[in-house]
Each structure stands twice: as structure tokens, then as C-alpha cells.
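Peer 1: Each chain, written out:
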Amino acid sequence: MASDTDFAPSEIVRADANATSELDRTLTRRRLLDRAAAAGIVIGSAGLVGAAGDAWAAPSATPKRGGTLRIGMVGGGQSETLDPNLAVSTIDTCRVLTLYDLLVHARPDLSLEMRLATEFLPNKDATRWTIKLRKGVVWHNGKPFGANDVMYTLRRIAASKTNGALPAVQPFDLAHMRKVNAVEFELPLHVPIADLSPAFVFYPMVIVQDGWKDFRKPVGTGAFMASKFKPGQGSLFTKNPHYWMSGLPYVDAVEISSIPDPQARLNALLSGQVHGVEQLSFAQAKEQQSKGQIRVLVGNGPQIVPITMSADLKPFNDVRVRQAFRLMADRPALIKGAQFGYGQIGNDLAGKGLKWYANALPQRHQDIDKAKFLLKQAGAENPTVTLYSSTAIAGMLESATIFAQQAKKAGVTVNVNNGPPDTYFAAKYLKWAFGQTNWPAIPIPNWINESLTSKAFYNETHWKRPSFDRLVLKAQAEQHEAKAKELWFEVQKVLYDQGGYLIWGFAPFLDGVSKRLNGVVPSGFFALGNFDFQHFWLS
Amino acid sequence: MSELAAPELPIVEVRSRRHPLAGFVLRRLAAGVATLLVVSVLLFVGTNVLPGDVASAVLGRDSTPAGLAAIRTELHLNRPAPERYWTWLSGFVHGDLGSSVAGQAVSGQPSPISGLIGDRIRNTAVLALFTIALLIPLSIGFGVFSAMRAGRPVDHAITGISLGLISLPEFVTGTLLVLLLAQWWGLLPGVSLIPIGESVFSNLSILVLPVLTLLAASLAQTTRMVRAGMLEVLRSDYVEWARLSGHRELDVVLRYALRNALAPTVQVIALNVQWLVGGIVVTEYVFGYPGIGQALVQAVSARDVPYVLSVGMLIAIVYISLNVLADVLVVLLVPKLRTAQ
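So the sequence lines, in the order shown, correspond to chains W and F.
Counting in the numbering used here, the first sequence runs from 1 upward without gaps.
Counting in the numbering used here, the second sequence runs from 540 upward without gaps.
No lab work stands behind these hints, which were simulated from the structure alone.
Some clues are possibly wrong.
[As the list claims (entries may be wrong)] A few chain F residues that face chain W, going by a derived Cβ cut-off under 7 Å, partial list only: (1) G585; (2) T586; (3) S595; (4) P604; (5) G642; (6) A721; (7) L732; (8) I735; (9) E737; (10) A781; (11) L783; (12) G785; (13) A809; (14) A841; (15) M852; (16) A855.
[Claimed, not checked] Residues of chain F clear of chain W, computed beta-carbon distances all greater than 12 Å: (17) G634; (18) A641; (19) M687; (20) G713; (21) S731; (22) R782.
Heads up, the beta-carbon is just placed ideally off N, CA and C, and yes, glycines get one too.
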């Protein structure tokens with residue numbers, strides 16, 4: 001694991017009140033790209049940090065100050081925005097995290113770091129939390145930061161209907177929030193949650209100023225202040241001289257440009273016009289790793305591009321069919337073919353490496369005979385199914401095509417339907433019997449709440465079981481660590497045995513950075529070291 | 540390419556009291572307006588039959604029914620299509636390009652398209668003008684030279700190379716140029732980004748590769764047309780007569796032959812200029828150049844219908860105007876046509 005001594009100065013990091021945090025807990029529910037995805041891209045991910053081949057600039061080197069950091073991102077045209085309620089594409093995320101701060105920030109190794117919050121204190125049954133905020137933080141316009149800002153932000157998210165973190169605030173009883181003092185407030189919950197702080201790492205939950213409405217002239221508490229912004233083209237942010245992390249940032253300015261074409265992004269980096277680009281394709285990453293002209297950041301983490309089977313639609317309404325399909329997948333071959341060997345094989349569960357992940361369940365391997373047997377038992381021999389796919393996410397269509405080949409061995413005909421990438425998640429998403437999806441690094445409890453409970457926003461596998469919902473609530477409320485672990489194992493055992501997700505592998509983040517760029521660590525959580533630009537410096 | 544060599548030329552009515560060209564120009568303009576109307580309908584239908592709309596494009600996978608409904612209501616997307624078309628069209632004929640719905644969706648305020656595209660139009664125009672400024676003299680020079688040396692090695696070289704360049708799509712030529720001039724030799728920037736707050740004029744080196752890419756395709760085609768037109772004229776009787784009268788070959792070519800050879804040349808240059816205006820899209824995309832073509836691609840992805848319509852119409856207007864202009868220019872340039880019939 002890469003050292004983050006430079007990355008997490010001890011004076012600003014305070015341990016989470018509830019967390020003994022190593023790996024885990026974290027992470028985000030990310031909005032899916034769309035236009036960005038249209039360009040054929042990997043997003044999201046998390047995990048164990050792996051440096052790519054070449055040596056890092058020594059973390060002990062004294063950081064140099066000054067210069068303009070230039071970043072090339074995929075871009076989203078006129079819909080690029082600095083409003084966290086509407087931030088969708090990765091370039092929006094990148095800018096939002098440059099301007100504003102989160103209460104809790106996920107480090108590249110997926111541990112948590114307190115940013116604008118300093119402490120989360122629960123009541124006895126974890127239905128009411130007291131959140132203490134950082135003192136002495138000042139907004140870009142000079143106002144002091146405090147509880148009013150956070151309470152305004154949470155209400156604004158809930159009222160927006162469009163904020164990507166909407167599911168995360170659903171359990172909050174915002175009507176009964178109470179300010180304790182300038183830097184402390186109480187947050188009651190509709191359901192008990194034993195571990196609340198990971199719910200605040202979602203980047204659309206960055207804190208905006210109390211009452212602020214004009215996001216064309218945004219004001220944040222972040223390391224950089226908005227200077228110029230042209231949607232679909234570029235933006236300039238200048239150093240915040242009053243930033244609360246002392247001594248940071250190192251660079252004087254950050255310029256973030258939209259470069260939609262993947263080859264143009266790489267060309268910009270190779271010819272020295274930018275210092276970092278997001279989302280190298282698997283092929284580009286392989287090639288550049290062997291050339292060594294730039295550094296390739298491989299951020300291994302729990303991002304997934306799984307196949308989904310709807311548990312209420314034929315033929316997948318029979319659990320034996322779902323199991324058979326999971327047994328037809330040759331997972332190492334999928335990793336090799338669809339992801340050029342990047343990433344790790346999956347076990348039909350999300351969140352490998354994160355807290356509560358059920359490591360004890362045996363790894364599932366291809367077993368064609370058993371798959372055939374199960375199909376026969378279910379009365380579904382030699383079925384023909386249509387798999388809705390697209391090039392919306394890197395590796396999506398490739399994995400669908402490879403899986404179709406593998407399924408043939410079990411007598412199953414899979415017709416791959418290659419749909420338009422920019423509307424893949426708009427058209428029949430959540431309706432089809434057999435499709436694909438994409439999830440970024442997200443804490444396992446949040447993922448289950450968002451995709452597998454009866455009222456889940458993204459119930460991709462049509463998984464609606466009241467008994468399962470009760471089990472999830474019970475696990476979520478359990479404050480005793482060992483008991484909670486057992487309960488979450490039970491939850492995952494149900495999914496492993498009966499669920500509709502075919503999670504064949506985990507995909508990494510692949511970014512490219514110049515050798516002049518220091519302070520950036522490959523992150524399993526998000527692109528370009530989670531866009532934590534205050535730690536970046538140019539040599 | 541033979542259809543280019545025989546452009547549809549006006550039949551000039553000598554009887555008319557007006558300037559002989561006036562009626563022709565008026566007829567062409569009327570046809571142009573009709574064409575524009577058809578284009579606007581096609582653009583509207585085309586952008587509307589694409590699956591999804593701006594609300595789903597802006598929200599992506601996070602689109603909840605409530606979120607989609609909120610954006611659609613705010614942007615009045617629930618109104619019937621003919622009504623939306625009419626609102627846009629009546630605004631457009633009054634000079635109002637409308638508001639970018641993608642911009643409005645993310646800011647909650649109207650984003651007038653006229654305010655968004657000014658820089659992009661200028662950037663595209665600069666790219667196109669540099670290309671044209673090189674294209675015209677070079678293509679005439681190479682074409683004439685090649686025709687004068689018809690059948691000799693230098694002619695074969697020029698026609699061969701130009702055939703090769705025509706066959707290569709811009710993204711291939713562009714990529715090869717980037718590889719050679721930006722990555723291997725490191726002479727030029729590999730992408731044409733304009734730093735925010737600066738203009739293209741303070742970064743002229745970023746224009747070199749896109750201009751070369753555009754030239755590669757258009758110059759080759761134009762050169763071949765000039766050569767073909769020139770060869771035909773050089774074989775004609777009056778050129779033979781001029782030669783027999785003892786004029787120097789260079790005089791014959793430049794003073795007698797060239798003007799009559801220009802008719803197809805003007806047409807093909809006009810076609811290339813039109814292509815530069817509308818078809819610069821691929822080159823802008825490959826180089827990340829912030830022009831109108833790149834914006835159009837992004838607007839289509841975002842299902843930003845008013846943006847696509849207005850920009851599409853502006854491009855169509857330029858296209859049609861250039862067509863008329865080229866026809867008029869041909870008549871003015873080529874004396875023969877003025878006395879036709």
C-alpha cells in the first residue's frame with residue numbers, strides 16, 4: 001500500500017468517533033456518468049491501492065509550491081455544473097471536490113478522514129446523532145462556516161429530487177434537526193443506523209453555504225476558489241489563501257479542461273499540456289505502462305460492472321436458473337478478456353475489501369455440468385435470453401459478449417443487445433430481465449439499501465423480500481461490532497445463494513499522470529487520487 | 540467527382556433590365572429559405588427521435604421519476620412537440636437562438652445560446668479561415684503545376700499523393716500528424732486546448748495540427764479538381780491558338796487558360812469551405828478544439844434540442860449562403876458564362 005504520510009497530515013485528521021477504520025466503510029454512491037459514459041469509460045471503484053509499475057516520487061521529498069495544475073477530464077458539455085445537486089459527470093465531481101469540502105472524506109486507501117465534521121456521537125439506540133463540526137473554517141466570501149450551513153445543505157439535498165446522494169439522506173429526519181451551537185447539531189434518524197459517518201462521503205454531499213442559490217458564482221470552503229468556468233470547455237480555480245488545512249494547497253491554481261475524446265486526452269498528457277487525465281482505456285493503460293513515459297495510476301477497488309438477473313421475470317424467477325447462470329461464468333477469462341487482466345475476480349457480492357464483506361463464502365467457479373443440471377431441474381433447458389448491453393461503461397459490452405460465448409457451453413443462447421451508450425441507463429434500465437449495470441465503491445450497507453431492499457431506488461435485480469428487508473434493518477441497527485458482522489454475513493449469504501447479481505469481477509480506476517506531478521496516490525475510491533488537489537504539487 | 544466538374548450554372552437572361560444576376564440570386568435565396576425550413580424540421584425530428592431527453596441525459600442513472608419530472612416541468616418539455624418546435628422557430632426568425640436546456644437544467648436559469656456560442660463560432664471561423672487561406676493558393680498552384688506537367692513524374696507524384704490523402708479519413712490523418720509532430724518530434728501541442736480566459740490568437744501553435752489535418756483532405760481534392768479543369772482548358776482550341784500566336788506558355792496558362800478553368804475550381808473550393816464549416820466536427824473532436832463542431836457533438840449527447848437546432852441552422856445558413864456566393868462568383872469570374880446562349 002502506498003504511503004500517505006504526505007497525504008494525511010496528522011493535525012487535521014481526527015479519528016472517527018465510531019471507527020477503528022482501516023479499510024472499509026466508506027464510500028460513495030456515485031452517479032453514473034452518461035455523457036462521460038458515452039465516451040466509453042470506467043468510473044467509480046475503490047480499494048487496495050496498487051502502484052503501477054514505476055516508483056512513486058518519494059513521499060519524503062519536500063513539496064514545491066506554485067504553478068498551475070492542469071487536469072484533463074471527459075467533460076459533459078453544457079450540462080457541466082458547479083451545483084452539487086446536479087453534478088453528474090466525473091468532471092463535475094472533480095470541480096465540486098475542488099471547490100467545496102465534505103464532512104467526511106474517503107482516503108485513497110478507503111479509510112475515512114474527518115474534514116468539516118470532527119465527531120459523530122450517537123445516542124443509546126443510534127436513532128439520534130450529534131455531529132460536531134470543525135471550528136475556524138471560513139467560506140471563500142469570508143463568512144464563518146457552521147451548523148447552519150450543514151443543515152441547509154442536507155435540506156437542500158432532500159428537496160432537490162436530483163441530488164445523487166438522495167438515497168443517503170432518506171433515513172434522516174430532517175424536519176427535526178436541531179442546532180446545538182454554532183458548530184454542533186443533532187440529526188435524528190427514521191431508522192437506527194449504528195455507523196453514520198460513512199453516509200457523508202458521497203461527493204454530492206459537499207457542504208454549501210447557508211442560503212446559497214447561485215451556483216454560477218459558487219462559494220465553498222475548499223482549497224480552491226472558482227475563478228472562471230465555461231461549461232464544456234474549461235475552468236480555472238485559484239488557491240484559497242485562507243484554507244483551513246494549514247500550509248495547503250501547494251499549487252497556485254487548478255485548471256480543469258473538458259477533453260471528451262479518449263485519444264485526445266492521452267495526447268494532451270503525452271505532449272505535456274496537462275499533468276493528469278482520468279479514465280485511460282484498458283488498452284491505453286497497458287500500452288503506457290509498458291512505455292513508461294507517463295505514470296499510470298491503477299486504483300484497485302470494489303467497482304463492479306455486473307450482469308443483473310431480475311428475480312421476478314422469466315426465466316430468472318427460478319432461483320436455480322439464477323444459480324446456473326452464475327455457474328456458467330468463467331471469471332478469470334472475463335477479467336482477462338473484458339478488462340485486459342486488470343482488476344480481481346468477483347464472487348457475486350459487492351464491496352470486496354470493504355467493511356462487512358463476506359470473505360468466508362467460497363469462491364464460485366465455472367461449473368458447466370452443475371449449471372446444466374440446475375437448468376434441467378428448473379425445466380429451463382437450452383433457454384434463449386436477451387442480454388441488454390452497451391458500451392456505456394468500459395468492459396460492459398466485452399464482458400457480455402464473452403459471457404455469451406461461455407453460456408453456449410451450457411446450451412444457453414445469450415443474444416447480446418448492444419444499445420446506445422448515452423441512454424443505456426435511461427431507457428429500459430430497471431425494467432429488463434437480463435442486463436448490466438455499474439456500481440462505484442460504496443459501503444456495503446449503502447449498496448444493499450440502494451439496490452436490494454423493496455423500496456430501493458435502483459432495484460436492478462427486482463429483489464423484493466420483506467424478510468430480507470427486516471434482516472438488513474436489523475444488521476444496520478446493530479451497534480455491537482461482532483453481532484453486526486454476523487448479521488451482515490447473513491444478509492450476504494442470502495444474496496450469494498439466491499440473488500440476481502452476477503458479479504464476475506472488480507474494475508480498477510485507470511488514470512494517467514505526468515512524472516512532474518507529485519502527491520497523487522492511486523485510489524480505489526475515485527479517479528486521480530480522489531481529486532484531493534490540495535496535496536498535489538509540481539516538480 | 541465528375542458531378543463537381545459540371546456545376547449547375549445559371550442561365551443568364553440578357554433581356555432583363557435588372558442586373559442579370561439579380562433574378563438568379565433572388566431565386567436561389569428563396570430556395571435557400573425553403574431549404575432551411577426543411578432542415579429545421581429534419582433537425583427537430585432527428586433530435587426528438589433519439590432515445591432519452593435532456594432530463595435523462597443530465598441525471599444519467601440517478602434519474603428518479605421525481606427528478607425527471609421536476610426537470611421536465613421546469614424546462615416545459617411536457618408540451619407537445621409541434622408547440623416546442625413553433626416556439627423555437629418563431630424565436631429563431633426574430634433572432635432569438637433560444638436557451639440551452641442542458642445549461643438551464645443545471646443552473647435553474649435561462650442560458651441564452653447566443654451567449655454560449657460566440658467564442659466557439661470565432662474559434663471555428665479562425666480554424667476555417669486559416670485553412671482556406673492556405674487551401675486556395677496551394678490548390679491552384681499545385682493543380683496548375685500538375686496540369687502543366689501532365690503525364691510526367693511530378694504530376695504522377697502529385698495525383699498519387701492526393702489520391703492517398705483523399706482516401707484517409709481526418710481522424711487517421713490527424714492521429715498520424717499527432718504521432719509524428721507532437722509525440723515523436725515534440726514540435727507541437729498534441730491537442731488544441733485554449734487555456735480558459737485566453738483566446739486562440741494567443742495560442743496560434745495549437746492551430747497548426749488541425750489546419751494541416753483539414754488541409755490534407757481538402758487540398759488533395761481541390762488540387763485534383765484544378766488539375767482536371769486546367770487540363771481540359773489546355774486542350775481547347777483557343778489555348779492552342781494563343782500558343783500558336785507566340786505567347787509564352789506561362790502567359791497562356793495564367794492569362795488565358797486559368798480563368799476558364801476556375802469554374803469547377805470555385806465550386807469545389809466552395810464545397811470544401813462548406814465542409815469546413817459543418818464538417819470540422821471530427822477534427823475539432825480529435826484535437827479537443829473548443830469550436831462549434833465539438834459543441835454540437837456535446838449538445839447532441841445532452842439532448843439539448845434548442846442548441847442543436849440553432850447551431851444546426853446557423854451552419855445550414857452559412858452552407859446555403861456559400862452555395863449562392865459560389866454560383867455568383869463563377870459567373871463573375873468566367874467571362875464565357877456571361878455570354879452563354
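Peer 1: Find the hints from earlier in the document that the structure breaks and name them by number, from lowest to highest.
Peer 2: Hints 1, 2, 4, 9, 10, 11, 12, 13, 15, 16, 18, 20 and 21 contradicted; others consistent.
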